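Chain by chain, the residues run as shown.
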Amino acid sequence: MSVLAKKLLGIAVGVVIVGVLIGLYIATWATSFPQSVAAISTRKVAGFSGTQLTLQTVASIGPKYSPSHPDWVSYLVLDHGKWVHSTVFSVPANSLVHVTVYQFDGDSGLRNPFLSQVQGTTTGTVTIDGKPTRGIDPEEASHTFAVPQLGLFIPLPGVPEEAKNQCEFAPCTTSEAHRTITFAFRTGKKGRYRWQCFVPCAAGWIFGQGGPMQTLGYMDGFLNVV
Amino acid sequence: MAVEPGHVEPAHAPPEPNHARRFGAIWIVASLIATPLVVLLVGPIMPPGNGSEQASGHVTDNTVLIGMATPVLLLVLIYLIYSTIYFRQPKGGALEGPAIRGNARIQTTWIVITSLLVLSLAAYGTVRLLEDGAGSGAGPNPVAVPSGAKLPVQVIAQEWAFTYRYPTYGGVETTHLVLPVNQMVELHVTSLDVIHSFWAYQLGVKADANPNTDNIVFVRPTKRESVQIRCAELCGLWHGYMFDTGHIVSPAAFGVWIAEQQKRFASGAKYLPKYATKYIPEPLRRGE
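Quick note, the sequences are listed as chains A and B, same order.
Reading the first sequence from the start, the letters are residues 6 to 231 in the numbering used here.
Reading the second sequence from the start, the letters are residues 395 to 682 in the numbering used here.
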């Protein structure tokens, strides 16, 4: 084999290897999802039908859950008594889902005030710190839990700035300043539904819409109706 | 057509037929048969259907385009097939064909015909746009404004959903688009954050949703149906999920629906900004 042929073969092999590595990287990125956490049956915990999904929202996810982005705002989900950094939830089709959100972040305000109104719950209301309401002041919104395909829009009010004992980073505990939001909604047919926060809550990013708002696993995810 | 010096015709070669005349005849006959067939058979199923006057106009436009394109397509295809049959390399050796040095008549004809095609289509498109905007965003000051009463509806794009405001019904905002059939609608398309594009396929409507901009579209729905709505501008992580289903209903059903929306969102109406054709939303606290 001539020197030129050897060089060409080497280049060809190199190109193929780099191409395969790039392909593997893209495939891994495109198919990587946070682990799906299933809502638990409420028969076991409350004596009535349906499932329970327990979430918390934090201003900073912290190094324990996200070493690369410890200061990003995020949701977490309770899985068998432990807080897990995931935004992919599984709930049964055609069923009642009870949701509790422990909200530890301060307010940011909604870009579209309309989305501060509750939509899609079984009662048309949410319960905030024990009080039912049909909506909140959009200026007081910290986040939302919204599943547009299911018509579900839940505003989450922020913890007042002056509140003492604010949580620094996840996992936060209910001994720290927080708001408790509960609601229930009915799922429909099986499918994968996107959910997201509509508050531009990504601190430091243009219009508050970058970083954790544009990355699966922080302020948005999937609701797998199975 | 110039012939290379020294080129010698083979002895006893049969007389060459007039290829140009023969090819032209085949092309004209094929075009006369195929063009009406394409227009009559394919035209009615051209997108986007007849969900609105503007969508029907698109069907007509697409039919005109395909009707004009059919003879051009046939010209290319027939020439390819004709050449393959009559100008193929004979078996038994490579024969150099005569060199062609240009043909002013063919070149001129080609330039004139294609120029006429393009210019006539440009004129046709301009006329269609001037009629009613053809379902496209015409900016804040449309040149063509249809006469008669119009129902103003605002389309508000945001990452990642469309919401809608009805200024003649107290500025009520909704998460779904519902329009009355046979009513000219004046859509005001805007965005609260990045650039989106409001695409209501069955209505033949597509308009950019730009922040701080009022992009006006006119559309008259003509069919009671569901309408697919999508964002047609790559706008971030959930662009692919920025879709919705709108509904075209009877005027009576629309009246009932809009009254329900006003009642449903009455308690939150105080939080909505006064209706405006564009918004510069606050706050930007975290993004600043």
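Derived by calculation from the structure, the hints in this document are not laboratory data.
Among these hints, one or two may not hold up.
Straight-line C-alpha distance at most 27 angstroms; calculated DSSO-like pairs for lysine-lysine [said to hold, decoys possible]:
id, chain 1, residue 1, chain 2, residue 2
1, B, Lys672, B, Lys544
2, B, Lys617, B, Lys600
3, A, Lys136, B, Lys664
4, B, Lys617, B, Lys485
5, B, Lys657, B, Lys672
6, A, Lys136, B, Lys657
All of these numbers come straight from a predicted model, not from anything done at the bench.
Requested in this report: Tell me, in ascending order, the numbers of any earlier hints that this structure violates.
Outcome: Hint 4 contradicted; others consistent.
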